[in-house]
Each structure stands twice: as structure tokens, then as C-alpha cells.
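Here is what each chain is made of, one letter per residue.
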Amino acid sequence: MPKYTFRVNGRAVSVDSWDPAQPLLYVLRNGLGLHAVKFGCGLGQCGACTVLIDGKAARSCSTPVAQVGGRAVTTLEGLGTPEKPDKLQAAFIAEQAAQCGYCTNGMIMSAKSLLNQTPNPTSEQVKQGMAGNLCRCGTYTRILSAVLRAVKA
Amino acid sequence: MNRRDFLRTSSVVIVTFTFGRTIAESGLAQDTNLGKPVDPREVDSFLAIHADGTVTIYTSKVDVGTGLNIAMTQMVAEELGIPVDRVSVVEGDTALTPDQGGTGGSTGITRGGTELRQAAATARQALLKLGVNADMTNIGMVAGGKRLDLKVDAKAPLRDPSSYRIVGKPILRPDVPKKCTGTNVFLQDFSVPGMLHGRMIRPPSLGAKLISVDEVSIRGIPDVRVVRIQNFLGVVANDEWAAVRAAKALKTTWSESQTLPGSERLDGFVRATAIERDETIVNRGDPATALPSTAKQLSATYWWPLQSHASLGPSCAVVDFRPEGTTIWTASQGPHGLRANFARVFAIPEDKLRVIFMDGSGSYGSNGNDDAAADALLLSRAAGKPVRVQWMREDEHAWDPKGPPQLLDIRGGLDAENRIAAWETQMWLPANVQGSRPLLAVDDAGIAQPHGRGAGQISQNGDPPYAAPNVKVVVHWLKETPLRLSNLRAPGKIANIFAVESFTDELASAAGIDPLEFRLRGITDPRAIDVIKRATEMIGWESRPSPNSRTQSGSVRVGRGMAYMRYKQMENYVAMAMEVAVDRSSGKINVKRITCAHDCGLVINPDGLRNQIEGCILQTLGRTLHEETTFDRSRVTSVDWKSYPILSFPEVPAVDVALIDRPALPPMGAGEAATAPVAAALANAVFDATGVRLRRVPLKLG
Numbered sequence: 001m002p003k004y005t006f007r008v009n010g011r012a013v014s015v016d017s018w019d020p021a022q023p024l025l026y027v028l029r030n031g032l033g034l035h036a037v038k039f040g041c042g043l044g045q046c047g048a049c050t051v052l053i054d055g056k057a058a059r060s061c062s063t064p065v066a067q068v069g070g071r072a073v074t075t076l077e078g079l080g081t082p083e084k085p086d087k088l089q090a091a092f093i094a095e096q097a098a099q100c101g102y103c104t105n106g107m108i109m110s111a112k113s114l115l116n117q118t119p120n121p122t123s124e125q126v127k128q129g130m131a132g133n134l135c136r137c138g139t140y141t142r143i144l145s146a147v148l149r150a151v152k153a
Numbered sequence: 001m002n003r004r005d006f007l008r009t010s011s012v013v014i015v016t017f018t019f020g021r022t023i024a025e026s027g028l029a030q031d032t033n034l035g036k037p038v039d040p041r042e043v044d045s046f047l048a049i050h051a052d053g054t055v056t057i058y059t060s061k062v063d064v065g066t067g068l069n070i071a072m073t074q075m076v077a078e079e080l081g082i083p084v085d086r087v088s089v090v091e092g093d094t095a096l097t098p099d100q101g102g103t104g105g106s107t108g109i110t111r112g113g114t115e116l117r118q119a120a121a122t123a124r125q126a127l128l129k130l131g132v133n134a135d136m137t138n139i140g141m142v143a144g145g146k147r148l149d150l151k152v153d154a155k156a157p158l159r160d161p162s163s164y165r166i167v168g169k170p171i172l173r174p175d176v177p178k179k180c181t182g183t184n185v186f187l188q189d190f191s192v193p194g195m196l197h198g199r200m201i202r203p204p205s206l207g208a209k210l211i212s213v214d215e216v217s218i219r220g221i222p223d224v225r226v227v228r229i230q231n232f233l234g235v236v237a238n239d240e241w242a243a244v245r246a247a248k249a250l251k252t253t254w255s256e257s258q259t260l261p262g263s264e265r266l267d268g269f270v271r272a273t274a275i276e277r278d279e280t281i282v283n284r285g286d287p288a289t290a291l292p293s294t295a296k297q298l299s300a301t302y303w304w305p306l307q308s309h310a311s312l313g314p315s316c317a318v319v320d321f322r323p324e325g326t327t328i329w330t331a332s333q334g335p336h337g338l339r340a341n342f343a344r345v346f347a348i349p350e351d352k353l354r355v356i357f358m359d360g361s362g363s364y365g366s367n368g369n370d371d372a373a374a375d376a377l378l379l380s381r382a383a384g385k386p387v388r389v390q391w392m393r394e395d396e397h398a399w400d401p402k403g404p405p406q407l408l409d410i411r412g413g414l415d416a417e418n419r420i421a422a423w424e425t426q427m428w429l430p431a432n433v434q435g436s437r438p439l440l441a442v443d444d445a446g447i448a449q450p451h452g453r454g455a456g457q458i459s460q461n462g463d464p465p466y467a468a469p470n471v472k473v474v475v476h477w478l479k480e481t482p483l484r485l486s487n488l489r490a491p492g493k494i495a496n497i498f499a500v501e502s503f504t505d506e507l508a509s510a511a512g513i514d515p516l517e518f519r520l521r522g523i524t525d526p527r528a529i530d531v532i533k534r535a536t537e538m539i540g541w542e543s544r545p546s547p548n549s550r551t552q553s554g555s556v557r558v559g560r561g562m563a564y565m566r567y568k569q570m571e572n573y574v575a576m577a578m579e580v581a582v583d584r585s586s587g588k589i590n591v592k593r594i595t596c597a598h599d600c601g602l603v604i605n606p607d608g609l610r611n612q613i614e615g616c617i618l619q620t621l622g623r624t625l626h627e628e629t630t631f632d633r634s635r636v637t638s639v640d641w642k643s644y645p646i647l648s649f650p651e652v653p654a655v656d657v658a659l660i661d662r663p664a665l666p667p668m669g670a671g672e673a674a675t676a677p678v679a680a681a682l683a684n685a686v687f688d689a690t691g692v693r694l695r696r697v698p699l700k701l702g
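Chains as they are written, first to last, in my numbering: chain L, 1 to 153; chain F, 1 to 702.
Be a bit skeptical, because a hint or two may be false.
Unchecked claim - Calculated Cβ distances over 10 Å to all of chain L for the following chain F residues:
#1 Lys36
#2 Lys179
#3 Gly360
Stated by the list, open to error - Now the in silico label distances, taken between C-beta atoms and shown as ranges:
#4 Pro83/F with Gln128/L: 38 to 46 Å
#5 Lys84/L with Lys592/F: 34 to 42 Å
#6 Lys588/F with Ser62/L: 43 to 51 Å
#7 Gly10/L with Met570/F: 55 to 63 Å
#8 Ala654/F with Pro64/L: 38 to 46 Å
#9 Ser62/L with Thr183/F: 42 to 50 Å
#10 Ala654/F with Arg11/L: 53 to 61 Å
#11 Met570/F with Glu83/L: 39 to 47 Å
To be clear, the hints were calculated from the coordinates, so they are not data collected in a lab.
Think of the CB as a built atom: it goes at the ideal place given N, C-alpha and C, for glycine as much as any other residue.
Chain F extracted, bound-state conformation (with noise of 0.2 Å):
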């Protein structure tokens, strides 16, 4: 049976396929795009205008749902001087988009937007002298269609923020609409003509080798194909339901054994881990000389677990494979540093792989995109046609590259005013190894390629924000770690603040302080004063030491917790209150109430940014109640949404958010630095109200 069999009905309407031919139309309307400049020194390679005055911006920084494209046009908009509606973005296409560096780290806006800033200044200036007039009503008779031929200065004016129409306003996202009437397209829902459907069957266990595939056992299943490669198994079919049933019932055999440590004890694995180097990253004073003689002492264990990336939609790829030249429809992040990866480990030549970016379902860091997409190019290569692969549930939860096991220890100690005197942390953290991480596919083939490893900036604030004059921070870099890493969603920021807040809450209720006092007594910046007295007033901070002493009847224990942090140390500040209501017979922790004072600078898009806060609340929320990647020495075992639960809606709290706008300062990021408060703030809440320290994620109270 091919496609056109399995659409072919009697006598009544079916329409199929349209949104596959428009966008494969689209796509080859854009080629004609296809030698414009890329080079980020040059204006064309961010810009273009055409003749009926409407804007194209190009960019590598991809929206994956954060509102990003938004936020840059208002940016381009406002500098150009041209009304929003009049701008379009192109973005995360490697024959299209200058190179700006992938998505992450919070830098769409502050590296993304500003150069895009830049470079529309620079086109204002030259628009200008062209004889474009002020208000820019003539730029499409004037430039349309025209290359400017300049490179982007960086001293070009910029608008004055005092005289911003369009930066600061809550302008909606234009993808929204599409998104809530299901006429967004999603990659899962592009096709190019002539596309089969494939699936992975992936080993059962980590390094097993396939022995022997039994292909009679999918005799029934119609117009498969088994493409095997070593132990790189997968399968291809024209209808996609019957590559699902063949991927399922296709018999193999494999080799397995049992190489990992299990996930049950694995913070002692960690620390028995071997070494590979120490690093002392920060170091002011001599804690270890001080803290013996501080008047007041404490030490404390903090462990964070591997997590999924655990996108609501499996990983996907679209890969047309060819030899003279091969196009890879891709959701990563990071299209570019795809096509370098790929070029290099398949050994095509950069010029002959395209990367296209498509909105796919969040990914928070870097999901299984990247090898969803070697799956398909594999796929591709074998079956001479291009190939959609989506991956099943139990592969994204399984596969994906993880975040990082976090394992840290903490001393410090009081001088006789109550004061932090001395602070030691000591983090145990998998050593970055050289090199792009593997592919899963690419290793089952046996096709070399480097077996890096890295999971972003991992050991950044691991240090108090508040004065102390001896304060020592060391990592102990680990040889080893069981599973595949990779950057997610604010890589070991979460971890390391739920650590430092934590110990910060023990010393100031070792001290028998308010937890908010003590952390004013320690700091003097403004705008950290400014974030942790809004989220405060907001929550209706009762000031007294915890954990709450009033008496409370029943089983339920109410308290309120609060953490601060300032984004990498340099970044955005934010500071978090939270209400909770622990049942002490059931365990159940019961959040009511978030309140987040939040200054990432200059405000782009206010409703955007408070978007992206509340998400980030809400899904550490559940990465702190619920989350962890567990395994056996095997396999896997968390698999699904039952094994992996995330926040679910009955759990949801309400959220307040305020925002504190600094016009003339530089606009950061904010997909990230929201999440990092959280995970104290409920601990120190929970603790608040029950007495009990958690330093275990996830949180179970015993």
C-alpha cells in the first residue's frame, strides 16, 4: 500500500497534505534567497528590505516558544524606525542566518537582539543618507530589493530608551493565534513529497550489541523497510503508523550487559568517583583557617539528580539526504553548530548541508533533536528518500542527554554578631571532555566520531551573594558520570543555589534570625535589595526566624520560604517567596502561593518576560517536587510521564511576578534565571513550616 492508496476514500472530502506542499513551496520560495550574505560583520547578512517597505530580519537565534521573535522585531522595529507589522524574522537557517552562536544560555536577547540592534541602527544611519525619509515611509521605494553594502557599526547611534514606542510594550506573539487554532507549523507536521516515516529500535540497554534481527515477524505490516547498520536498527515505511507497529514488533536479539551504577545510591557514586581535577574558583580570605574558631558552626550535604530534558514532544527530524546536497529540518537550538557536527562526523562538506529550523515542542537545553536528526539522515542515506523520524515517548525520557548529577557540600560558620564569618563549598561535578557529544545513532553504526562531554556552565554561583570574608569555592571535576549530559535549562544554577540558599536559611536559623533580615544584613547592591524587599512585600513576609513556632492544629504545617540570587553572578536578579501547606501525615507538599521580583535590565516585552518567568517557575517547581532520571545497571527505568511525573495542573500555585525595568541598562535574557530560586525558596519554606530540611531533590519529606 502506498500513500496514495491510504488516502484514497469513496465519495467524501478529504483534504491532505496541504500545510506539507505549502511550506515545501515556501521552502524553495525562500532559495531564492540563497546566496545572501552571512557573514555577522555585514548589515545584509541581518536585514533585508523589500520594494513594499516590509523588513525580513535573519537570525541564528531560534524562538523555541520563549517569545524571542517578538522581542527581536520590537528591537529591529524600534531602531529602524518602522512599525512591528512590517517585520518578519527568518531564523536558525545555515544558507540564510549569519552565525550569532546557538540557542542557550540566555543570550537570544542580549547577544541575538543587540547585534540585530546594531545592525538596524547602522541600516538607519545609511537609509538616511540614502534619502530615506525620518518616519520611513519611503524606505521600500528607496532601498527595497537593495543590498546596503556596509558593514554594521558598532558605534552607530542608538534611540535614546526615554524615547522607546515599541521596546517596552506587551506587544502579542504572532504565533500564538496559529498556535492556539493548530495552523502553527510544527516540524512534527512538515513533509516534503516523497517523505517515508521512521522509527528507531534502539538497544535495550546501554552499549548492548544486536545479534540478530528477525524480519519475518513484520511480514504483516505493509511496505516496511529494516534499515540496519551494525546496531543502528531502525525502520522505514510509507504510512507512519505501520513504521510505530514494525519498530514495536520487530524481533531482535541482543547482547547486554550491565555497565552502569544504577541510579539508588548514586550520590554516593559520585563521590567515590575518581577525580580527574581540582578547581578552586573562588577563593577570598581563609575559611579554613577562620571557621574553627567562628562562634557558630554547621555543615550540610545538598544532591540534585540527573533530569530529563523531558520534552512534551518526542524529538524529530526531517532529513532529505543527497549527494549534491543534503537538507536536515531540525527543532535543535543550535542549527549551526549542527551542520559543523554533522558535516564532520557524516564527512559531507559544510557547503553541501543545509539546517533548517522549525518550531518543534520546547526543548529547555539540548534535547534528542540532534540525534533524531542522524537517525533520519542515516534513515535517509539507507532508503535513498527523505525521512521523518519522530521519536516514541520512552526514547526522549530514555535517550536524551541528561542534566547533570549535582553533589555539593557546605560549611561555613558565624561570627559572635551572627554574621557569615566563613564558607566553604566543595562541588563534585562531571569533568567537560573536549569535542561534540556523540550521537546515539552515530556510535551504533560505528562510525567514529569525538565523545565529548559538557553540560554548560555548571559551576557558577556556588558562592553566597551576601559579605563574607572567607569564602572558598572548589570543584572537584569527575572522570566519570553514567549517563550522556547535555545544557538544561540554566545547567547547574538550580542545583548550586538550592545549595547556597539552603545553607544560607540554616545559618540564619542557626542564628535565630528572621531569613530575610539576614540576607539584608549581608548585602548592599540596590537592585538586590530592590528584587528581595518587592518579592517579599508581595508575598506578606512575616518576619521572624524559622522554622514557624506558632501552633498549628491538625496535620497541616503552613510556612513561608524565600531565596535570592543574582543570574551567574553577573546577570539578572531575582528573588522568590513562596507559601506552602505541608500535610505531615501524608508527606504531600502543597505550594500555594510564588511571589518573583525579577530585574534581567531593560524590559523588551513585558508580557513576554513575565511568560517566560512563570515557566520557568512553574516547570523547576516540578524538576524540585518530582523529577529524577532514574536507572538500573542497565537501562533507563523512568520512561514515561507515570515513572518521570512533572508538575501537573491540580499542583499549581498562584504566581505573582513583578518587574523592575532599567531602561537605560542592557537587556538580558530571562528563559533561565527565574528557575534558579526556586528549588530553595521551597525547601526553606518547607523547612519554615515543618522544621524538617529537605537537601534531597526531589523533595520527599520522610
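This is chain L alone, in the form it adopts within the complex (with noise of 0.2 Å):
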């Protein structure tokens, strides 16, 4: 069976896939164990199994994971723990922004991946930066206010 080698939150693993064609979600979900991505959508429309390859927002859904070799991929997990979180994930508890928090993994993801690329940004800029995540909740307003919040931490 293909074998790929990648990086995730900065180990080293090998999985297997009899299909190259597998998205990275169903692998780091089945493989390794790593929850915090959702399925959503499998069609890259509401963003909640955003993780990060090279540090930039990528769909797991739809990632192949003969896609993945090589590179280093970052799941919410890889940022911190509920004892230790980072300060983006400090700032969505703080903010108390999440509600079902089915989401909250692509929101966190999707702006460190903002924030990677736009230090500084305006409220206008996360709204447009965060636009391909979507919260059924309607918890928008308090995920705005703790993006805006890392920023200031």
C-alpha cells in the first residue's frame, strides 16, 4: 500500500492509504487520531476542516493526501491545550466564541492562517479573510471580536 510521509504539529508520520486520492481530513481524523477536524461539506464550502500546510489555510476535505508528502500541516491540536492554549485560542475562550463549536476548529485555524499573513488586520479584513467559514450558530460577532483580540494580546 502507498505509504506518505509529511509532518503534523512538527512530528514526523507515515500513514498509508490504499487511495491516493483520500482527503488529509479522513487521515488525520482515522489515522491519527486528530479530531479537531470536522467534516463539514466534504466540497470545501464552509471551512470547518481547515488546517494549515505550510502555514497557509487549506481544506482537509478536499486535500488529497498524495498531495500532503513533504509538507507540514498544522491541526487546532498543534496549537495549544486547554491548559496551555495559544493566544489565538486563549482569545476564542476569552471571548466565550463558540456556541456548538462544530466549527470553532475551522475558525481558529482559518485565522491563524489570516493572521500568519496579515499581522494587523482591520475588523473588515478578518470579516473578508474569514469568509469561507461559515457558523450556523451565529456566533460570527464574538469570533470577530477574539480574532481581534489575539491581535491586541
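Build the complex from these two chains, which are given one at a time in their own frames, with help from the hints.
Pasting the structure below:
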């Protein structure tokens, strides 16, 4: 079976997949037990499955595992823990920027990517930069406050 | 290939299934509590005191991201007199929690919380008699591990709200840090040993019959098994991606027919649908006689389309079917109701069926969770192993039971002083049919089941909350409706208030009176006046009639609108005001700012409450601007986020919420009320900006 080697949250991993087209999402969730990444649509429309690949937001539901070989993947687990959250996670917690929490992974990872490229965004830049992430519970205003709080932190 | 092969790796670290095992183990650990009382008359059904001084509360009301868990914790901690961090919650487990009804209709706090509070108050009195000190510091030593063996005392004294130290505080939710770090275990993340992954192949159109399945078409996909029971068709596999691929690749032939009316002119279909019966739900004075002699008369028709719960994560279930006892893990808002229904439909004795709630994607009523559980049950029964089913995106959008289509006609008349003299609302609504909602899998598999229909209390709030001597509200209950229905957040009320509060604005405009002043002239309830004044003050309400007659340059028109309602005419008071900028050339409606004043009686957790109100407002903004389930003669055609858009980040306005706390009054739920005025406030603001009255949702400027 073909094997794919890449880095996840700073560690080298090697996984086999019977199908080179298998989306990274399933490899992370089922192969590596990294459950932060969520299946929302499988179409790249909602953002719940967002991870960073080489520092930039990518939709793991529509990224074939074969394309990830040799690259560095960061998931929400790689940022911090409940005891030691990174500054974005801490800002989301401080703002209580979640309801059901199903979109939260994607929101934080997209924000991470946005801040990697635009460290000091305006409110409007955050809204535009995260246009591809949907929240059905309607916690957008809190998410916006959280991202802006993290910028100031 | 089996799972073990899939996981086998060369030299590097692979950690896997830690969460699944932990949960399975903790699930087993909980089994030591099996046999605990669940009778809602018993204190021990609600509370267990442990030797270490911690307390577990048991409730059938589940937290679907609403903050209910922390609110209940606060209510119990306050009443018992122990710190919040010593209380944990077990929710929605039919083997462990008393049945306080499903989670819906904003009853989580109102019923769930107050029942728990009364149990805690009863327990406190008993504990004091047992020798526990007033500060409860020796509660574990005295009462840990023991049952109190007493009935909940409806007269057990409650603490005076003026002495509250925990209730009313914005205590942080315990689930949020986990949700922000990927460590919260959602149902979608849950696994049990030996579990297979299932995916469904649903009929391509409603009522289609399966003619043939070509299993050769999936020969290249490892370890997949096809499960067919008449028209029920699914696949199970060790590997989730294999199940996904196989469900997509499997070649099938179906006989199809055209059974739907199509969504394009659905309002006409609804109006022409045969009426089962008429019901007069409000009848005051005689509007039919009074109306022709009023000074000014208006009439208007309002339309609300079918809408989806549109959960961000598709519905999911894990089922372990065993003759000796079946377990269903679900995110359903009604675990007890699910058990009762499944026990009947699948002929399983209730005591051999355990339903356990786990966190899922927000459901906002009854989405596809029950159906996914039925899918997983049939697959598990066929495969002889536990099965996890997660629907794909198109399954959720196409097949979740929908919020109903609503058509309303309103006629009204003003007297010579421009007061409402007569008002008549007619509603066309799908009639309830006794029995539970049919499960997709059960119909497909040819198993007999009830074909009930219900979408909640959809006829409430059809009359104006303003003084009017002659008011009549008539519901035409319809025999038919095109799609399966269920409760969708604030069932019926959003559309009814959209109509009532839009029409109120139309009357105000016809009278040439400021919409705020027009409303205040017709209202005497001080709680109503408080919220109306507060919301409009916060937005800096300009007092003038609508539409905005000020000359505006360019193609952008700005305006403001408001709406008010009392939820179910007897619960929360909510008023809302909005500022919009409408581009007349593109038709784009840009909502700039929303203010809301909210009175739900006693406030348990102000931050949790604000979060709910903000969510109510933004979700409903999307429902008003974009959402419509579309279908042709055969199938639903709004099957993803492009064909069924919801509110997106760039559209989000500033939202400002004021809470009016009433510590002496009972606490009411807040998961629904603030949704109800959103559509009307928006349509009124668009009218103010443009002079165009929009009476159909989703709102579109021609």
C-alpha cells in the first residue's frame, strides 16, 4: 500500500492509504486520531475541516493525501491545550466565541492563517479573510472579537 | 485491509483512537450507576452526592451549544450552596437521567433548570437535617455515595434572589476551552471497538423504488459490504473513506416518479391545498363587521418558505445493535422520545434500548439525527457490529425534516385617530397528524411505522400585541404539505411575527406616524415598553414616519426599522431595531447595526444569554436574507452551501444586546425568542430605506 510521509504538528508521520485521493481529513481523524478537524461538507464550502499546510489555511476535506507528502500540517491540537492555549485559542475562550463548537476548529485555523499573512488586520479584513468559514449558530460577532483580541494580545 | 493494517506505519509515531477508547471506558465506568433512580419525582434521580464533596446532576435536557449545561450547574450550585466547580452534569442518557421531556421550545431552563433547582432545594433541607453544615463543606463526608430517598418537595424553600452569589454571574462555559483546542469529544469523534463506518445511498427522488444494485461497480474499494433491505441501501466498511467512496461509486437503478409540486410557485400550491379544518385561535370583537367602516383599510400577504436546519456538521449516530441490549449514541435533542419511538418501530423492549446523548453539531430542533440513528441501527443489525453513520452534506440538506412553508393574509383598519380598529389574520399551515414523524430508513426498508406530522407550535403570535378592539386569527389547517416537517427553531413564530410586525409597520406608514410612536400608542405592558424604548434608544432612533423621505444621493439608501414581540404571547419580551443600507442598483441589502433589548425574567448567566441572543439574531438574519429549500417535481435541489446559503462572515453587522434582568420573576429560556422579531425588523428597515415593502422571504429587491 502506498505510504505518505509528512509532518503533523511538528512530528514526522507516515501513513498508508489505499487511495491516493483519500482526503487528508480522514487520514487526520481516523489514521492519526486528530479529531479537531471536522467533516462539514466535503466540498470546501464551509471551512470546518481547515488545517494549515505550510502555514496556510487549506481545506482538508478536499486535499488528497498524496498532495501532502513532504509538507508540514498543523491542526488545532498543534496550537495549544486547554491548560496552555495559544493566543488565538485563549482569545476565543475569553470571548466565549463558540456555541455548538463544530465550526470552531476551522474558525481558529483560518484566523491563524490570516494572522500569519496579515498580522494586524482591520475588522473588515478579518470578515473578508474568513468569508469561507460558516457558523450556523451565528457566533460570528464573538469570533470577530476574539480574532481582534488575539491581535492585541 | 482492516483498520489495523491501515494504521500500521513504518518507524514514526502514530497515536490513534485515544479518545474513542477513553470514552468507551468512561461509558463503561458510568454503568456502575445503572439502576439509579430516574423517576422525576425522586431527588436521587436528579442529584448524586459523592464522597469527595462533588455532585453530579442528571437531566434529560441537553446542551446543544446553548450554554444550558453551565446555567443548570449554576442553578443547582446556588440552591445547594456549593461551588460551581464541584458540580458536573450527565445529560440525555435514558439509563441515567430522569425524563424531563426533550430539549425544545425554550424549556431547558424553564422546565429542566427549575426542576433541578427544586430537587436541589429539597436536598439541601434534607442535608441540613442529616448534619451537613450550612456551607456544605462536609457534604461528601456526611452524604457522599448515599441516596437521600425522598420525593422532590414542590414547597422546599428557594433562596431569595437578592442573596444569589452564583446565579446571575457570567461564569464561563466548561465546554468552550475543549472546543477551542480540539479536545471536546463530539459524537462525530466517538468510536467503539469493532465499529464500522456506514454511508447511505438515498433514493434519487422522493418515493423512488430500488430496481437493481451492481456490486461489481465497487469491487476496487477494500472491505466494503452493501446492505440492502428493499429500498434501504447503505454500505459499511472498516475504513470511513472506503464507505464514502463506495456509497458514491455504487451503481444503482431506481424507478422514479414526480410527486412534488416544485418550490417555484409554492405559495400558490399552499393556498390551493385542501383544508382539513379551520381553527379560530383569537376572536375578539367583530373585525368582519368593523373593518368596512374603518377610516383606512389595508391588506397584505406574507410568505415564508420551507427551510432546513442546515446543521454545519451532517447528522451522525453510532449504534451497537445487540439482541441482549442495543445502545444508540446520538446528538438528538430528545433521547427519551427517540427511545420510545425506536422501541415501537424496531420492536425492541424499552429496557433493552439505551440512548445516550453526545455533543453534536448544532441542530436547532429536529434535524436528521433521528434518521441517522435509524440508518445506523439497520446497518448495525445487518452487519452484526457497531456502526457509525455520518450523513454527507447533500443528505443533510436534502433529507433533514424541514421548517414548514407559511402563508399569511392580514387585513386591518385604522380609526379616525389612526388607532388599530380591526385586524384579521388568516394562516395557511400544514395540519398536525398524530404519531411520530416517519424515519427515512424505516420507510425505505418497508417496516411499518406511524406517519405523523408536526412542526411545533406554529400558529402562535399571529395577533398583534397592540390594543385593538376587533381581532380575529384563523388558521386553515391543510391536509397536505410537500416535504417532511419538524420543529425548526422558534417554530412558526418567526414567520408569523414577520407578517404581524410588518403589517403593523404598514399601518403606521399609512397613518403617517413614526413606527415607534405607533406601537407605543397601542401598548400598556411596562415590560413591553421597557424593551421597545431600550432597543430604539440604543440605535438612536430617528422619530419620523417611514419611508425615509430625506434626499439621499447615489444609489445607496439608508433606513431604520424595528419590531417587537412577546414570545408565545406569554414568555420573553424582545424588541429589536436595525439600520440598513440598501444599494438600489444591485439590490444588495447591507445590515449595518442591530440593537436588541431582551427580558426573559430572571437571568441565570448573562454571558451565556447574550451568546444565545446574538446567535438567534445572526442565524435568523441568514434565514431572512438567503434561505429557501428549493425542489423540482422529484427532489430537493438546495443540497449544499451554494444552493442553500446561510449568513456569511462579510455580512455580519454590529450587534448590541441589552439584558433586562427581573430577579423576582421566573427564568425563561432564550434559545428562540430573539429570532422572532428579526425578519420583521429587517423588512421594516428596508421599507424605510427604499419605500419598497418586501413581503416574501428570502427578501429580494426586484
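Taking the hints in turn, this is what the structure says about them:
1. Lys36: Correct as stated: the minimum Cβ-Cβ distance to chain L is 29 Å, above 10 Å.
2. Lys179: Incorrect as stated: the minimum Cβ-Cβ distance to chain L is 3 Å, not above 10 Å.
3. Gly360: Label violated. Min Cβ-Cβ 7 Å, cutoff 10 Å.
4. Pro83/F with Gln128/L: 38 to 46 Å: holds, 44 Å
5. Lys84/L with Lys592/F: 34 to 42 Å: holds, 39 Å
6. Lys588/F with Ser62/L: 43 to 51 Å: The hinted range 43 to 51 Å is violated for Lys588/F and Ser62/L, with Cβ atoms some 29 Å apart.
7. Gly10/L with Met570/F: 55 to 63 Å: With a Cβ separation near 57 Å, Gly10/L and Met570/F satisfy 55 to 63 Å, so the hint holds.
8. Ala654/F with Pro64/L: 38 to 46 Å: holds, 41 Å
9. Ser62/L with Thr183/F: 42 to 50 Å: violated, 25 Å
10. Ala654/F with Arg11/L: 53 to 61 Å: violated, 42 Å
11. Met570/F with Glu83/L: 39 to 47 Å: holds, 45 Å
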